[in-house]
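Chemist: What follows is the residue order along each chain.
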Amino acid sequence: MSPASSRIAAWIAGALAVLCLALVNVGVYTYRIDFYFTGILVVVMINIILAVSLNLINGFTGQFSLGHAGFMAVGAYASALLTIYMEWPFPVVLIGAGIISALIGFLIGLPTLRLRGDYLAIATLGFGEIVRVVILNLKITGGPRGLGGIAPKTTFFIAEIVAILTVIIFSNIVKSSHGRAFVAIREDEIAAEAMGIDTTKYKVLAFSIGAAFAGIAGALFAHHQMFIDPRSFTFTRSIEILVMVVLGGLGSISGSIVAATVLTILPEALRGIAQYRMIAYALLLIGLMLIRPQGLFGTKEIGDLFRLGQRQGNEGRRAQADGGEGQ
Amino acid sequence: MQFGGLTAVSQFNLTLSQGDIVGLIGPNGAGKTTVFNCLTGMYVPTSGEIHVLGKRVDGLSPHQITRLGMARTFQNIRLFKDLTVFDNIRIAFHYQAQYNLASAILRLPTFRREEQSISEKTNALLEIFGLYDHRHEIASSLPYGDQRRLEIARALAANPKILLLDEPAAGMNPYETQELTTLIQWVKDEFELTVFLIEHDMRLVMGLCQRILVLDYGVTIAEGTPREIQSNAVVVQAYLGEEAL
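Residue numbers (the working numbering), protein chains in the order written: chain A, 3 to 329; chain B, 27 to 271.
Any given hint might turn out to be false.
[Stated by the list, open to error] EDC-like cross-link-like pairs, simulated, lysine to aspartate or glutamate; straight-line CA separation at most 16 Å:
hint: 1; chain 1: A; residue 1: Lys302; chain 2: B; residue 2: Asp108
hint: 2; chain 1: A; residue 1: Lys177; chain 2: B; residue 2: Glu140
hint: 3; chain 1: B; residue 1: Lys187; chain 2: B; residue 2: Glu216
By construction, these hints were calculated from the structure, which means they are not laboratory data.
Given these sequences and hints, build the entire structure.
Modeler: Rendered as structure tokens:
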């Protein structure tokens, strides 16, 4: 593909994507898409935010975190309590939930990020469970009966806008020197440290940012379900988010978006085959991991599909210019 | 430097002046890399002091020491294997980047300017090291000699005043070693560096170093000019062998 035609292809693909999104928006606005499916789309948006935020920690920085549902829970409950008791406007509640979750992420990150690999995984798993058990036992969070009466403030459009902002923010982070610092830590932490990168600071930073957006996703979730209880934030939930990240590609934001969308819609789409639904879902996951263990996108983004053609084009032309004289 | 009951390095004194090229040689297991690791902050020395450019650094973390002006390469090349050549060097410019995270997220003009500056500096280094044409290739796909050169280039991106090279000629044939000797000399002059290197290849050591320290079982057994070291009987017995004479 020559650079010119690959750029045109990129524009066409981009335009198609925007068109699809626009159609969905119109469908929801005009109530062409029914209430039930709109609800699914809201969950898609929430899952995109969760997957992208976890990807920063696990994918780009290479830290094995298994407690993302914990941060989601913190955001969900914090936002619910803010809405119920403080009656703040929704955007403020969202930001508040993000800040509180980020703080928790920071406090958890600081001690645990000395740990590596499996040990960090267990520590984060432990954190997730601690959050869940604390919520289960506090009176203010409603305990096992959960917290209800949350105003349904999450509309599809709000969820969509937050998801889009999340993607933009994380893309900008990743394509910057800070993003490269995260990746360096993943690739070789010792070398990264030797090149002047404060690896502890950046690991904690990745954790905090990831936690913040998980909290925002939790807040959106709480105001969509109107009722939250500890059973929504179990270790299984953390794994579900992790599956989306791994399936999409550890280190690919595009991958997380696609995987979150597919994995949210798929169980619904498979409802037709009723009792075989979960078997089909599981087989699909196994199959995908066997065929493509690096995930759908690996570490590449959608843009790279087009740029790849461009690079090859350049090298081809240089070879021709040399006339094969060799080095 | 003591690890529990094992003393890896017990007698080592080094003074580097600006513009020196000093070599550290000795048999395997003598403690040479341990010395490097102490200097660069990867180990905290259990006794002794380290001062860099007037500042006491033992106990500081590696990234702090690097920012004070000391960069290194590794014995078993530690490149960012799955990243491109370009990115490998670019990453080492990180701590010098003049923008914060908010700037990056909001894509403010400072961000764009700094990114441009970093890219230009990276390309300049790539040109110097003859790696510009390979800049989009994955680091692990480079031939071995190029990988070693890339690691040195990356260390230079961290803007050091002191360059520590851990066996830079390991695995190189005589021709490559000769090229490396010329390169290191040139880099040292061009970037006004002080170089301290560990090496087993005597051609490189004798050809480059003004001064050599010899380490054996953690103890400095000799120090002097290449000529003095070569004719030092203790060193010959412990390490060099008769052929070096």
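Chemist: Between the alpha carbons of Lys187 (chain B) and Glu216 (chain B), is the straight-line distance 16 Å or under?
Modeler: Within the cut-off at roughly 12 Å; holds.
Chemist: Against the 16 Å threshold, does the CA-CA distance of Lys302 (chain A) and Asp108 (chain B) hold or violate the hint?
Modeler: Distance ~12 Å between Lys302 (chain A) and Asp108 (chain B) Cα, so the pair holds.
Chemist: Take the C-alpha atoms of Lys177 (chain A) and Glu140 (chain B), compute the straight-line distance between them, and say whether it is at most 16 Å.
Modeler: holds (13 Å)
Checked against the numbered hints above, the structure violates none of them.
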